[in-house]
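**Q** Residue numbers (full-length UniProt numbering), protein chains in the order written: chain W, 1 to 211; chain F, 1 to 211.
These are calculated hints, taken from the structure and not from any lab test. Keep in mind that this is a model prediction, so the values were computed, not measured. Warning: the hint list may mix true and false statements.
As the list claims (entries may be wrong) - DSSO-like, lysine-lysine: derived pairs with alpha carbons at most 27 Å apart:
#, chain 1, residue 1, chain 2, residue 2
1, F, Lys156, W, Lys83
2, F, Lys143, F, Lys156
3, F, Lys77, W, Lys207
4, F, Lys207, W, Lys86
5, F, Lys86, W, Lys207
6, W, Lys17, F, Lys143
7, W, Lys207, F, Lys40
8, F, Lys207, W, Lys106
Stated by the list, open to error - Here are a few chain F residues that sit away from chain W, every Cβ distance over 10 Å (derived from the structure):
#, residue
9, Ser35
10, Phe59
11, Gly65
12, Asp111
13, Gly173
14, Asp197
For every residue, glycine included, the Cβ atom is placed at its ideal position computed from N, Cα and C.
Protein chains: 2
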Amino acid sequence: MTKETQVSITVIRRLPKYYRYLSELLQKGINRISSQELSKLTGFTASQIRQDLNNFGGFGQQGYGYNVEELHKELGKILGLNKEYKAVVAGAGNLGNAIANYGGFKDAGFDIIGVFSRYYKDLPFDMEGLEVRDMSELEDFIKDNNVDIGIITTSKDNAQKVADIYIKSGIKGIWNFAPVDLVVPEDIVLENVRLSDSLYTLSYFLKGLGK
Amino acid sequence: MTKETQVSITVIRRLPKYYRYLSELLQKGINRISSQELSKLTGFTASQIRQDLNNFGGFGQQGYGYNVEELHKELGKILGLNKEYKAVVAGAGNLGNAIANYGGFKDAGFDIIGVFSRYYKDLPFDMEGLEVRDMSELEDFIKDNNVDIGIITTSKDNAQKVADIYIKSGIKGIWNFAPVDLVVPEDIVLENVRLSDSLYTLSYFLKGLGK
Numbered sequence: 001m002t003k004e005t006q007v008s009i010t011v012i013r014r015l016p017k018y019y020r021y022l023s024e025l026l027q028k029g030i031n032r033i034s035s036q037e038l039s040k041l042t043g044f045t046a047s048q049i050r051q052d053l054n055n056f057g058g059f060g061q062q063g064y065g066y067n068v069e070e071l072h073k074e075l076g077k078i079l080g081l082n083k084e085y086k087a088v089v090a091g092a093g094n095l096g097n098a099i100a101n102y103g104g105f106k107d108a109g110f111d112i113i114g115v116f117s118r119y120y121k122d123l124p125f126d127m128e129g130l131e132v133r134d135m136s137e138l139e140d141f142i143k144d145n146n147v148d149i150g151i152i153t154t155s156k157d158n159a160q161k162v163a164d165i166y167i168k169s170g171i172k173g174i175w176n177f178a179p180v181d182l183v184v185p186e187d188i189v190l191e192n193v194r195l196s197d198s199l200y201t202l203s204y205f206l207k208g209l210g211k
Numbered sequence: 001m002t003k004e005t006q007v008s009i010t011v012i013r014r015l016p017k018y019y020r021y022l023s024e025l026l027q028k029g030i031n032r033i034s035s036q037e038l039s040k041l042t043g044f045t046a047s048q049i050r051q052d053l054n055n056f057g058g059f060g061q062q063g064y065g066y067n068v069e070e071l072h073k074e075l076g077k078i079l080g081l082n083k084e085y086k087a088v089v090a091g092a093g094n095l096g097n098a099i100a101n102y103g104g105f106k107d108a109g110f111d112i113i114g115v116f117s118r119y120y121k122d123l124p125f126d127m128e129g130l131e132v133r134d135m136s137e138l139e140d141f142i143k144d145n146n147v148d149i150g151i152i153t154t155s156k157d158n159a160q161k162v163a164d165i166y167i168k169s170g171i172k173g174i175w176n177f178a179p180v181d182l183v184v185p186e187d188i189v190l191e192n193v194r195l196s197d198s199l200y201t202l203s204y205f206l207k208g209l210g211k
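Can you make the complete structure from the sequences, with help from the hints?
**A** Below is the structure:
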């Protein structure tokens, strides 16, 4: 799998989409699919799909296409979805609540085992089945439980402070929802969700419609 | 602005990031920036930045760089952020609540004027200052108020039904958070937020760290 290290981020960001479509095909009991059919589903060209998947090994067979179950399983491994991750959420507002209670993440191997808030006056409180702890306990909790992923759903102003605690406590991946560019060391995996960027893209295309 | 129609989606998705950085520079009182300095901030190469911005006209001047205020204003116009949009949210769970109450959207011209839920037994209820209405009123509300954008924060199972109501009522843009591929006519702008795709990308890079 040495080839994998050279794969561009653009290709990698397409993999979850392939994985999602393959999951749906599996649910429908479809066992085999050509790159042309995958193209119709995903909106990527057939040659793009073949090229993307060839980065990770030869999955398809000429004249047969792809075995859906096998490709789904392999893509899952490539994405690391055959592993179990422990995650914590910092920021127990609406967004933190939404993320902590979304069942889909647990099904995919991401187990949110703690939620933390700095509003200690009202803590601990119960948030739809999850106990919310005081932010001062975050560092010890991460170390005691070998947490892999730190999720940030705090305000913009508190996000870097939380990131610093995550880094200090040995977390390897940060999933950041706060609208701020965090400063993290190179060996920390940082993935940002930029809701405004998505909304502005929508706005760009609406403008094209004459709005 | 006929040139604009040929611009690729990849370039367009970078514009909100430029806009975000320019907003921050403006706040810091910085009036002028070179493509090299913008490169350090954004992580894109200087030539990429010049190429991206040239798609929309000649903003920079050789030897001077970019005027931050002017470029910010022009990018805002290109993204349609100089306009006011009316939006509604369908789905009044945690995520709907988070979206409806996020002040940053209103500041950027996106005004969420209604929240709808199908859990009519408990409706209308007050959700942090927003009255939540019954889903059966959605269609009339959109028509009466000339709503531009429909946001979907329902479950996967209800998302297409809501999209159909949006389309029937004359909404032009859909911002979808439900993990499902909606079927919409070509003249509807559909922007999806795929939280799982982002999490899987994080997982991919964590795996590279030996997790």
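**Q** So, for every hint listed, does it hold in this structure?
**A** Hints, verified against the model:
1. Lys156(F) to Lys83(W): Within the cut-off at roughly 25 Å; holds.
2. Lys143(F) to Lys156(F): 25 Å, holds
3. Lys77(F) to Lys207(W): Holds - the C-alpha atoms of lysine 207(W) and lysine 77(F) are around 9 Å apart, at most 27 Å.
4. Lys207(F) to Lys86(W): The hint holds at about 14 Å.
5. Lys86(F) to Lys207(W): Judged against 27 Å, a Cα distance of about 14 Å means the pair holds.
6. Lys17(W) to Lys143(F): 34 Å, violated
7. Lys207(W) to Lys40(F): 30 Å, violated
8. Lys207(F) to Lys106(W): Distance ~17 Å between lysine 207(F) and lysine 106(W) Cα, so the pair holds.
9. Ser35: Answer for serine 35(F): holds, closest chain W Cβ roughly 19 Å.
10. Phe59: Fine: 17 Å to the nearest Cβ keeps phenylalanine 59(F) off the interface.
11. Gly65: Label holds. Min Cβ-Cβ 21 Å, cutoff 10 Å.
12. Asp111: It holds; aspartate 111(F) is separated from chain W by about 12 Å at its closest Cβ, greater than 10 Å.
13. Gly173: Given that some Cβ of chain W is not farther than 10 Å from that of glycine 173(F), nearest at about 5 Å, it is violated.
14. Asp197: 4 Å, violated
In this structure, the earlier hints numbered 6, 7, 13, 14 are contradicted, and the remaining ones agree with it.
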